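As you go down the protein sequences, you meet chains D and S in turn. Its first residue numbered 1, the first sequence is counted upward by one per residue in this note's numbering. Its first residue numbered 1, the second sequence is counted upward by one per residue in this note's numbering.
Hints in this document: simulated from the structure, not taken from any laboratory. None of these values were measured; they are calculated from a predicted model. We put the beta carbon where it would ideally sit given N, CA and C, even for glycine. Accuracy of the hints is not assured; some may be wrong.
Taking beta-carbon pairs under 7 Å as the criterion, some of the chain S residues facing chain D (in silico) [claimed, not checked]:
no., residue
1, E25
2, G29
3, C53
4, S116
5, F117
6, R129
7, M130
8, Q131
9, E146
Derived pair list, reagent style DSSO-like, types lysine-lysine, alpha-carbon separation capped at 27 Å [stated by the list, open to error]:
no., chain 1, residue 1, chain 2, residue 2
10, S, K143, S, K23
11, D, K34, S, K110
12, D, K220, D, K372
13, D, K381, S, K143
14, D, K168, S, K227
15, D, K93, S, K234
16, S, K124, D, K381
17, S, K217, D, K220
18, D, K116, S, K110
19, D, K372, S, K110
20, S, K217, S, K206
21, S, K143, D, K372
22, D, K372, S, K217
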Amino acid sequence: MTDDIQRLPYDVVVIGAGGSGLRAAIEARAAGKKTAVISKSLFGKAHTVMAEGGAAAAMGNVNPRDNWQVHFRDTMRGGKFLNNWRMAELHAKESPDRVWELEAWGALFDRTPDGKISQRNFGGHEYPRLAHVGDRTGLEMIRTLQQRVVALQQQDAREHGDPEAMIKVFAETTITRLIKDPTGSRIAGAFGYIRESGQFVLFEAPAVILATGGIGKMFKISSNSWEYTGDGHALALLAGATLLNMEFVQFHPTHMVWPLSVAGLLVTESVRGDGGVLRNSEGKRFMFNYVPDVFRAQYAETEEEADRWYADPDHNRRPPELLPRDEVARSINAEVKAGRGSPHGGVFLDIASRRPAEEILRKLPSMYHQFKELADVDITKEPMEVGPAQHYVMGGVEVDPDTAESVMPGLFAAGEVSGGMHGSNRLGGNSLSDLLVFGRRAGMGAALYLDGLDARPATDEGEVSAAHAEALAPLDRADGENPYAVHAEVQQTMSDMVGIIRREDEIKTAIAELDKLRERAVQVRAAGGSAYNPGWHLALDLRNIMLIAECVAQAALERQESRGGHTRDDFPAMSPEWRKVNLICTLDGDRVQLTRQPNPPMRPDLLALFDRDELKKYLTEDELPAPAAEPVTSEETR
Amino acid sequence: MAYQAQLQIWRGDAGRGELTDYKVEVNDGEVVLDVLHRLQATQAGDLAIRWNCKAGKCGSCSMEINGRPRLACMTRMSTFGENEILSITPMRTFPVIRDLVTDVSFNYVKAREIPSFTPDPAIKPGEFRMQQEDVNRSQEFRKCIECFLCQNTCHVIRDHAENEGAFAGPRFLMRVAELEMHPADTADRREIAQDDFGLGYCNITKCCTEVCPENIKITDNALIPMKERVVGRKYDPLVWLGSKIGRRQPHDTPAVPGKK
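This is chain D alone, in the form it adopts within the complex (with noise of 0.2 Å):
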């Protein structure tokens, strides 16, 4: 019995409503496709208004040396040179236009003196490379996407009559399966539900563009909110589709430790940026001890050069707080273990002996806020308390890099929930302007592909009763466990053994736990209606949770190395033959395959953005370009 279920055509269906999907469905109504943004929030409410620091774009106002070359070299090296090269070339190019254009759309982006979009630095950006308003640069841009959004609908009211007429934002929505055609071969739509009043929807869609971001409310202290739940991957996965890297999960390093409520809470890299430090309980500036040798020859020795560095960075080295994030969680979680770490098990994060109080509240009033109301704390008077928490996964669906197109027809990722652009880790900042620039990517991709098909592919009618089937599950059992008890030790397993730092042993008894709760997460009952009932999304995004978290587990498991978000105590080297793998999950009937896939060389004139030197360190000697010859003349340099 599906005759419940409201059926809705459109020619794009992007589901989810942050960065990436606005961006996207913008992109995808300006090619003329008529467009349903699905959002499991209200509008203008993603998980994007979360991020705080900023978007990475080289536009070089402030530091005019920068130019996408040294952005990309800056995004590879934080990736651990694992990231997809086309992905991280595209990105650094395009970037600046991208937040230009928010600019035009009504951002009003922090100033430089001379009126320019300021930048402020950040970690492993080498310059001051960063837009951004204050500490609250993902609200601003989500707010300046969803009213470009009602600009282009009073347009098109003007134009056909209807503000819905060309892109219509069905918000509180949640899609439980996509649904292919019936030849199993290419994407035909989106089946899902209304949370308000769980009514039963099927978009009609030949292309589907997954927006949905991270995973980490698989863990159990993440800055992640309650909508990261792995949909996307999950859906990628179910309907035939590739996960890249899966085991490459970014613990932040600072968020709030206490009070426990408020643990995860994210506080900004920003604080660093302009001049925080991180000390220990012996009030030492611990970083300098846990300096890289990849990363040696650009990060300060002392705390002089270190601090010479904000105000003349030309002749100094960067202070080692400002490294990338995998380096300073890891550091934070060895001090802390060696029992140097402040009275609720984090450091100390330090901006307040630094700079002028009216400062601080300048530049960070979210973060003066956050910790007054929450913790009575003063940090324009006190250090913070902080320490890691789960805050991204670079690993994601796999995607064509110019179209973001996966290897489902009709299928596209843009965002966190697609793979490849950060390789091992993301650097801050890169996330922002990574929506923006292939949410964009994706809009086109997707119209591309639209005009490409003769016909619009049916949906498949068995796939779309088994999908009403299995999302009234949970509502139909007499009894069953409640998802919540489940939940909570997903997440508990998660933390304790596929977290931070790994090992084999604790990896396969995650498996195993994870193996006996998948059995209790299809058993789960929903007490109570379809009508707005948490417990019953719940049950429904449980199966999403359970998916992903096994795909973390045996890729964390497989990789025996570790690199960016990936540490293995077992293997804690970083292993160049390790960097030219790939490892793609797929679906076997429920259970999820693991295989290898080589890593694409990169192209040679960007491997010769960087030192030999430096490539040695990542390289096997026979991906190594042939040693630099004796000067060459002229003639042959052309």
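Based on the hints, put chain S in the right spot on chain D.
Below, chain S without anything else, positioned relative to chain D:
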């Protein structure tokens, strides 16, 4: 230290509902949303709550706690006595969907009526030049997280549903002010602020400012300056004379799309 809090929570749907009593454990440092989550996980799995970031940044968990409009994620349990009975009810101005979740679509309708940002088409992306001191004012208003607590509180609609057509509410009058003060915007929304969005209904009691979790000075910095601009536009004798003798046409006020 942990204790059992006594809560009275409004449960029901659009048709009917009532306050229901619960006892829930509270631990050190917790906020109201933590306690509601514990209630959901242990006693009332289907309790409808709208929330998202639990960090005061998304503006989803707006509700009324002991009658005061607040964000549940930013209201610490320590602001109440351990023996105090806490009443938690949905925002009163908006229709209830279920339990603590209300239908806030009114706000999205209003948002769509305001003429959007209108830059000079001759300025290309990347060419905008603005000074920090000129963007400060609008930046303050763009801190808005759209929690709609100000909309919920404003008595013009809280106590008078009949005004909803004629009044956009503090959040969207502030949006008008934000665009008016945006250094790169070229449109003029002063007349429609008064005629279509009901700026005149506001009698500056500052209730909106008082409940704003972002501490935006809505009344002082947006509404009052906007009223002054409207007065300047409507009653400036030169503008009046100019329009009478046909020398100065009101050049502004684009039509409001979709406005009935």
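The hints, checked one at a time:
no.: 1; hint: E25; in the structure: violated (12 Å)
no.: 2; hint: G29; in the structure: holds (2 Å)
no.: 3; hint: C53; in the structure: holds (5 Å)
no.: 4; hint: S116; in the structure: holds (4 Å)
no.: 5; hint: F117; in the structure: holds (3 Å)
no.: 6; hint: R129; in the structure: holds (4 Å)
no.: 7; hint: M130; in the structure: holds (6 Å)
no.: 8; hint: Q131; in the structure: holds (6 Å)
no.: 9; hint: E146; in the structure: holds (6 Å)
no.: 10; hint: K143(S) <-> K23(S); in the structure: violated (36 Å)
no.: 11; hint: K34(D) <-> K110(S); in the structure: holds (23 Å)
no.: 12; hint: K220(D) <-> K372(D); in the structure: holds (24 Å)
no.: 13; hint: K381(D) <-> K143(S); in the structure: holds (25 Å)
no.: 14; hint: K168(D) <-> K227(S); in the structure: violated (34 Å)
no.: 15; hint: K93(D) <-> K234(S); in the structure: violated (49 Å)
no.: 16; hint: K124(S) <-> K381(D); in the structure: violated (44 Å)
no.: 17; hint: K217(S) <-> K220(D); in the structure: violated (37 Å)
no.: 18; hint: K116(D) <-> K110(S); in the structure: violated (32 Å)
no.: 19; hint: K372(D) <-> K110(S); in the structure: violated (34 Å)
no.: 20; hint: K217(S) <-> K206(S); in the structure: holds (9 Å)
no.: 21; hint: K143(S) <-> K372(D); in the structure: holds (18 Å)
no.: 22; hint: K372(D) <-> K217(S); in the structure: holds (19 Å)
When held up to the earlier numbered hints, the structure conflicts with 1, 10, 14, 15, 16, 17, 18 and 19 and fits the remainder.
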